[in-house]
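Residue 144 is where the sequence shown starts when you use the working numbering, and the numbers rise one by one after that.
Treat the hints as calculated values from the structure; they're not laboratory data. These numbers come from a predicted model, not from an experiment. Each residue gets a CB set at the ideal place from its N, CA and C atoms; glycine is no exception. Do not rely on the hints blindly, as some may be mistaken.
[Unchecked claim] With beta-carbon atoms standing in for the labels, derived distance ranges:
1) Val264 / Ala236: 16 to 22 angstroms
2) Arg248 / Val168: 25 to 31 angstroms
3) Ala246 / Ala164: 19 to 25 angstroms
4) Gly284 / Val264: 31 to 37 angstroms
5) Ala246 / Glu287: 26 to 32 angstroms
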Amino acid sequence: LARREATAWGRRGGSFRALNAFERVSPARAARLYESLLNTPGATSPFAAQAILRVDRNHEAATKLLVDAVPSAPRSGALPLSALGEASSSNRAAIGALEDVVAGRLRPDPAVSSGQWKRQVAEAKASLARIRYREARAARGLPEGDWW
Numbered sequence: 144l145a146r147r148e149a150t151a152w153g154r155r156g157g158s159f160r161a162l163n164a165f166e167r168v169s170p171a172r173a174a175r176l177y178e179s180l181l182n183t184p185g186a187t188s189p190f191a192a193q194a195i196l197r198v199d200r201n202h203e204a205a206t207k208l209l210v211d212a213v214p215s216a217p218r219s220g221a222l223p224l225s226a227l228g229e230a231s232s233s234n235r236a237a238i239g240a241l242e243d244v245v246a247g248r249l250r251p252d253p254a255v256s257s258g259q260w261k262r263q264v265a266e267a268k269a270s271l272a273r274i275r276y277r278e279a280r281a282a283r284g285l286p287e288g289d290w291w
């Protein structure tokens, strides 16, 4: 059921209930499922990368896929920036990419509207806040909790 849900990621209205349950019951098996979908062409791979970061917050290949997609984020939607919010505070590649967007060091092509770019900067700030939120809770010995 989780595999069926994962292969339908690119479609609207898909459910993530089985995947969420699978991650809680068996994070290692969920990570293997997501890794098998990581290099799938099309819309599946960014979702797989985000899911991998939920179970392995420093996963190198998933982080690279999302970081490489950041310059095209204004054209492809906010997914790469939002997905990087699943990374850990020790994931320097993810933190660096988000900080570069916020600081304006990583700019999209000139055809992207300034309003669209401002939304991407806001998404990068929100992702950094999610990472810091998880870190602060962990430092106090609190469970991760739900961000949303």
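Right, here's what the structure says about each hint:
1. Between Val264 and Ala236, the C-beta spacing of about 19 angstroms keeps the proposed range 16 to 22 angstroms intact.
2. Our hint of 25 to 31 angstroms for Arg248 and Val168 is violated, since their Cβ atoms are close to 41 angstroms apart.
3. For the hinted restraint 19 to 25 angstroms between Ala246 and Ala164, the CB-CB distance of approximately 38 angstroms leaves it violated.
4. Separated by about 33 angstroms at the C-beta atoms, Gly284 and Val264 satisfy the suggested range of 31 to 37 angstroms.
5. For Ala246 and Glu287, the hinted distance range of 26 to 32 angstroms is satisfied, since their beta carbons lie about 28 angstroms from each other.
Checked against the numbered hints above, the structure breaks hints 2, 3 and satisfies the rest.
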